[in-house]
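A.B. asks: Those protein sequence lines, which keep their order, are chains A and B. First residue of the first sequence? That's -15 in this note's numbering, and the numbers climb one at a time after it. First residue of the second sequence? That's 3 in this note's numbering, and the numbers climb one at a time after it.
Treat the hints as calculated values from the structure; they're not laboratory data. Just so you know, not all the hints are guaranteed correct.
[Said to hold, decoys possible] For the chain B half of the interface with chain A, some residues (derived, Cβ under 10 Å), not all of them:
1) P5
2) A9
3) A14
4) V16
5) L17
6) T20
7) N36
8) E39
9) A41
10) D46
11) P50
12) I51
13) G52
14) T53
15) P59
[To be verified] Some residues of chain A that are not near chain B, with every Cβ distance over 12 Å (derived):
16) P35
17) F37
18) A180
19) H278
20) V297
21) S312
22) E360
23) F403
[As the list claims (entries may be wrong)] If you want the footprint, here are the derived chain A segments under chain B, 3+ residues with CB under 8 Å:
24) 205 to 218
25) 231 to 243
26) 283 to 294
Since we're looking at a predicted model, the values are computed, not measured. Built from N, CA and C at the ideal position, the CB exists for glycine as well.
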Amino acid sequence: MQPAEERERLTRIQIDRSCRQTVVWYYASAVFWLLVGSALALIASIKLHTPEFLADWQWLTFGRVRPAHLAAMIYGWGSMAGVGTLLWLEARLTRNRLPFPVLLPATAVIWNLTVAFGVVAILAGYSTSIEWIEIPPATAVLFGFCIAVVIAASVRMFRTRESRHTYVSQWYLFGAIFWFPLLYVSAQIFLHTPAAKGAVKAAANWWFAHNVLGLWFTPIGLATVYYLIPKVIGRPVHSYHLSLLGFWTLAIFYNWAGTHHLIGGPLPAWLITVGIVGSVMMFVPVVTVAVNHHMTMVGNFHHLKYSPTLRFVVYGAMCYTAVSFQGSLQSLRTVNEISHFTHYTIAHAHLGVYAFFTMVMFGAMYYVTPRLLNTEWHSAGWIRLHFWTTAVGMAIYWLGLTWAGWEQGRMMNDPRVPFLDIVRYTVPWLWSRSAAGILMTAGHLSFAWLFWNMLRQRGAYLPGPTLLVREPGRAGAAAGGEG
Amino acid sequence: MAPFYIALWGLAAVLGATAVGGLVWSIRRGEFDNLREGAASIFDDEEPIGTVTDRFPGV
């Protein structure tokens, strides 16, 4: 570890090259879990409107398939795409090589095995039945180990960083990587030991679940947006002051919001009110982030036509604003009275983990992977297909379930409406969700196809620093170096 | 009931304290002094401000 002033200045190519093994392993694993999670999602979705579907298989019963879908997506797709992106971003921001060239890729293998163990355990009937954390508690040790290695790598790169300045993305990433293990381990302790008893286990459950969104996925997503939008369009963030304000207010407010999931539940009213206040205060960081991203993009929206990364990232960033506004409003008791325990909540959840986080991760993977493998994506057509199927599919998903959920909630509050009538009302909307899910899965298959061809290096070879190099006589390469 | 609340609030306080501590540390180190330089810190000679760095393949 040489002091920052003395060591050689690494080129971007050297930094990216050092990330290759680890990040490609994490990304490839993430794509695998995306497909597994999508299959489980489709099965779960179809079962809700067509309960006879695969009804003879006990390991595919809805009560198991749905949490298996959650586990595959949260701990498989989301977390692995997130960790891969986090490590690459940190290498870039500190201008360091990624350390531990054997141990870090090994954590990807361990993480995969742990997720696989968890998903199989759920399907076999060993779900803990605690939402967002249905996987067996033994997994805490394995995830904890992997995260410890990632933390060690992060700290090591940070301590030998070249730049004296700490870019805003670095703050978000450090937040994520320190908060997540704290959350996960303490949640497992609260939920599976007498440290918390009875109804307060529910408070622990939702403190954990909400913070997985707010202190793990959201910071990684925002760190990615703050780095990629300026990098792609070649323009610094509009107001750096606002970006720092956004981070610090997120760090202060987000942690409190968890009990908004338990409005009306058997907990002290003040505990729930604290959660609502924290949720509404989130308007501050969300508005600062939205203004910042928008003002950075102003005058540059035409780049959306030419950059796949920008399309996914901007879609994601806009949906971050939308889902956060919706979330703050949903946490108010009067709104929650209608929306709670309905499909409205599911639409909201997917607006966050899919329309925001997943789309931003797609954008990141489109940017990062060519730079790791020195290969361009082999087909613009498949990329466009991926974007439009997922973008439109997500929109249909959200519109259908939001409408269904809101009506469902209003009718449930009306004692004159028979319960089964309400169930029947939602069925066509559940069909629309399956249709949306098929579109989105088609997009994921396109992405997997692209990724597979990328691993086989089927696209144009890209040796240049900005990776926009035209090689004469080679189909599919783009012009070099220009702005 | 009481030990759980102590643990939960204690954890929340620790998380909050780390956030405050981090803020104080960064102010002391001068992270807030030159914001323009901060925003430009992700650019350099290889990829200067004004360079677009992503495009559809084949375009």
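A.B. asks: Taking the hints in turn, state whether each one holds.
C.D. replies: So, going through the hints one by one against the coordinates:
{"no.": "1", "hint": "P5", "in the structure": "7 Å, holds"}
{"no.": "2", "hint": "A9", "in the structure": "6 Å, holds"}
{"no.": "3", "hint": "A14", "in the structure": "6 Å, holds"}
{"no.": "4", "hint": "V16", "in the structure": "8 Å, holds"}
{"no.": "5", "hint": "L17", "in the structure": "6 Å, holds"}
{"no.": "6", "hint": "T20", "in the structure": "7 Å, holds"}
{"no.": "7", "hint": "N36", "in the structure": "8 Å, holds"}
{"no.": "8", "hint": "E39", "in the structure": "6 Å, holds"}
{"no.": "9", "hint": "A41", "in the structure": "4 Å, holds"}
{"no.": "10", "hint": "D46", "in the structure": "8 Å, holds"}
{"no.": "11", "hint": "P50", "in the structure": "8 Å, holds"}
{"no.": "12", "hint": "I51", "in the structure": "6 Å, holds"}
{"no.": "13", "hint": "G52", "in the structure": "5 Å, holds"}
{"no.": "14", "hint": "T53", "in the structure": "5 Å, holds"}
{"no.": "15", "hint": "P59", "in the structure": "5 Å, holds"}
{"no.": "16", "hint": "P35", "in the structure": "39 Å, holds"}
{"no.": "17", "hint": "F37", "in the structure": "39 Å, holds"}
{"no.": "18", "hint": "A180", "in the structure": "4 Å, violated"}
{"no.": "19", "hint": "H278", "in the structure": "16 Å, holds"}
{"no.": "20", "hint": "V297", "in the structure": "10 Å, violated"}
{"no.": "21", "hint": "S312", "in the structure": "20 Å, holds"}
{"no.": "22", "hint": "E360", "in the structure": "5 Å, violated"}
{"no.": "23", "hint": "F403", "in the structure": "35 Å, holds"}
{"no.": "24", "hint": "205 to 218", "in the structure": "holds (count 6)"}
{"no.": "25", "hint": "231 to 243", "in the structure": "holds (count 5)"}
{"no.": "26", "hint": "283 to 294", "in the structure": "holds (count 6)"}
When each numbered hint is compared with the structure, violations occur for hints 18, 20 and 22.
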